[in-house]
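Chemist: Work out the full structure, taking the sequences as your base and the hints as a guide.
Numbering (our numbering), first residue to last: 288 to 583.
It should be emphasised that the hints constitute simulated quantities derived from the structure, not laboratory data. Remember, it's a predicted structure, so these values are computed and weren't measured experimentally. Where is the CB? At the ideal position from N, CA and C, for every residue including glycine. Do not take every clue at face value.
[Said to hold, decoys possible] Subject to a maximum C-alpha distance of 30 Å in a straight line, what follows is the list of computed BS3-like cross-link-like pairs (lysine-lysine):
#  : residue 1 : residue 2
1  : K524      : K513
2  : K549      : K513
3  : K412      : K366
4  : K340      : K383
5  : K429      : K561
6  : K383      : K366
7  : K383      : K419
8  : K429      : K391
9  : K376      : K366
10 : K412      : K513
11 : K419      : K366
12 : K349      : K366
13 : K376      : K412
14 : K376      : K414
15 : K524      : K543
16 : K376      : K391
17 : K561      : K412
18 : K513      : K561
19 : K543      : K513
20 : K524      : K549
21 : K414      : K366
22 : K513      : K429
23 : K561      : K349
24 : K349      : K524
[As the list claims (entries may be wrong)] Distance ranges between label pairs, derived from CB positions:
#  : residue 1 : residue 2 : range
25 : D431      : P539      : 36 to 42 Å
26 : M432      : H363      : 15 to 21 Å
27 : D444      : T510      : 21 to 27 Å
28 : S550      : T510      : 21 to 27 Å
29 : E387      : K543      : 42 to 48 Å
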Amino acid sequence: MVMTHFSRLRQLPLLLQPKSLITSRSRLLRPPPTFLRSVVMGSSSSSSSSSSKLLFRQLFEKESSTFTYLLADVSHPDKPALLIDPVDKTVDRDLKLIDELGLKLIYAMNTHVHADHVTGTGLLKTKLPGVKSVISKASGSKADMFLEHGDKVSIGDIYLEARATPGHTAGCVTYVTGEEADQPQPRMAFTGDAVLIRGCGRTDFQGGSSDQLYESVHSQIFTLPKDTLIYPAHDYKGFEVSTVGEEMQHNPRLTKDKETFKSIMSNLNLAYPKMIDVAVPANMVCGLQDVPSQVN
288 MVMTHFSRLR QLPLLLQPKS LITSRSRLLR PPPTFLRSVV MGSSSSSSSS
338 SSKLLFRQLF EKESSTFTYL LADVSHPDKP ALLIDPVDKT VDRDLKLIDE
388 LGLKLIYAMN THVHADHVTG TGLLKTKLPG VKSVISKASG SKADMFLEHG
438 DKVSIGDIYL EARATPGHTA GCVTYVTGEE ADQPQPRMAF TGDAVLIRGC
488 GRTDFQGGSS DQLYESVHSQ IFTLPKDTLI YPAHDYKGFE VSTVGEEMQH
538 NPRLTKDKET FKSIMSNLNL AYPKMIDVAV PANMVCGLQD VPSQVN
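Modeler: Shown next, in the form of structure tokens:
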């Protein structure tokens, strides 16, 4: 039986303070073309046992330059799995891979309400009954499960902690693997649009705030170990993965002081997202658009 456990960090910045507990079990954590890629996690003896639990695939949707991530605990009899940021156009690809690998998809998760593509969570639920959609409570969208800062989602013995990282949108979260020795090492952070490789998401719509994004990244992502692997929701330059240490040193926006960062973000002069008028309304209802009733 696959269990889901949530826990809440108790000492948080005021901005990120959760409103209520939704967990039945909690514990205190210390503050804080189609492309397929497999990553081997760690090589030391201390990490080999935890690394062997994790099956990890990085998938790519070229039209929106979106990464979808597949994680599974293959040491568990059921081989429970989750998808992060699935795209509607690649749902069949993802399900075929899951079937080929003998996995049981439990969760379809989003880092935020996307504006550049329609999420695949709704389609996954229709094609594979029993899958639960997951997103942050702050997103205001529909889902089966809502997360707040410090909550965690488990597949077998592997878990992801949700860290609230608003700024690109008001409901952004970063999913981070656990710090314990029995969790995959080095740690992995799925940052959505909060941190891109040598960049970050725009802050000029969907409740975005450059001030808030700067605080989110520096308090919740840049405080992770420097060897933590960063996996963003998008890449437009051919990069696949970075680390916290790399971005702290080389990110051309997030290495600046806050006022300089805010100035950079306010002068990007980016075009209006071409998919936003379709994607956002659809993603607010789990990626499924209402079908008009037939007129007799």
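Chemist: All the hints need checking, so say for each whether the structure fits it.
Modeler: Hints, one by one, checked against the model:
{"no.": "1", "hint": "K524 x K513", "in the structure": "23 Å, holds"}
{"no.": "2", "hint": "K549 x K513", "in the structure": "24 Å, holds"}
{"no.": "3", "hint": "K412 x K366", "in the structure": "18 Å, holds"}
{"no.": "4", "hint": "K340 x K383", "in the structure": "21 Å, holds"}
{"no.": "5", "hint": "K429 x K561", "in the structure": "23 Å, holds"}
{"no.": "6", "hint": "K383 x K366", "in the structure": "15 Å, holds"}
{"no.": "7", "hint": "K383 x K419", "in the structure": "18 Å, holds"}
{"no.": "8", "hint": "K429 x K391", "in the structure": "23 Å, holds"}
{"no.": "9", "hint": "K376 x K366", "in the structure": "25 Å, holds"}
{"no.": "10", "hint": "K412 x K513", "in the structure": "36 Å, violated"}
{"no.": "11", "hint": "K419 x K366", "in the structure": "16 Å, holds"}
{"no.": "12", "hint": "K349 x K366", "in the structure": "28 Å, holds"}
{"no.": "13", "hint": "K376 x K412", "in the structure": "14 Å, holds"}
{"no.": "14", "hint": "K376 x K414", "in the structure": "13 Å, holds"}
{"no.": "15", "hint": "K524 x K543", "in the structure": "21 Å, holds"}
{"no.": "16", "hint": "K376 x K391", "in the structure": "21 Å, holds"}
{"no.": "17", "hint": "K561 x K412", "in the structure": "26 Å, holds"}
{"no.": "18", "hint": "K513 x K561", "in the structure": "35 Å, violated"}
{"no.": "19", "hint": "K543 x K513", "in the structure": "18 Å, holds"}
{"no.": "20", "hint": "K524 x K549", "in the structure": "23 Å, holds"}
{"no.": "21", "hint": "K414 x K366", "in the structure": "19 Å, holds"}
{"no.": "22", "hint": "K513 x K429", "in the structure": "35 Å, violated"}
{"no.": "23", "hint": "K561 x K349", "in the structure": "15 Å, holds"}
{"no.": "24", "hint": "K349 x K524", "in the structure": "12 Å, holds"}
{"no.": "25", "hint": "D431 x P539: 36 to 42 Å", "in the structure": "38 Å, holds"}
{"no.": "26", "hint": "M432 x H363: 15 to 21 Å", "in the structure": "20 Å, holds"}
{"no.": "27", "hint": "D444 x T510: 21 to 27 Å", "in the structure": "25 Å, holds"}
{"no.": "28", "hint": "S550 x T510: 21 to 27 Å", "in the structure": "24 Å, holds"}
{"no.": "29", "hint": "E387 x K543: 42 to 48 Å", "in the structure": "45 Å, holds"}
Violated hints, listed in ascending order, are 10, 18 and 22; each of the other numbered hints is respected by the structure.
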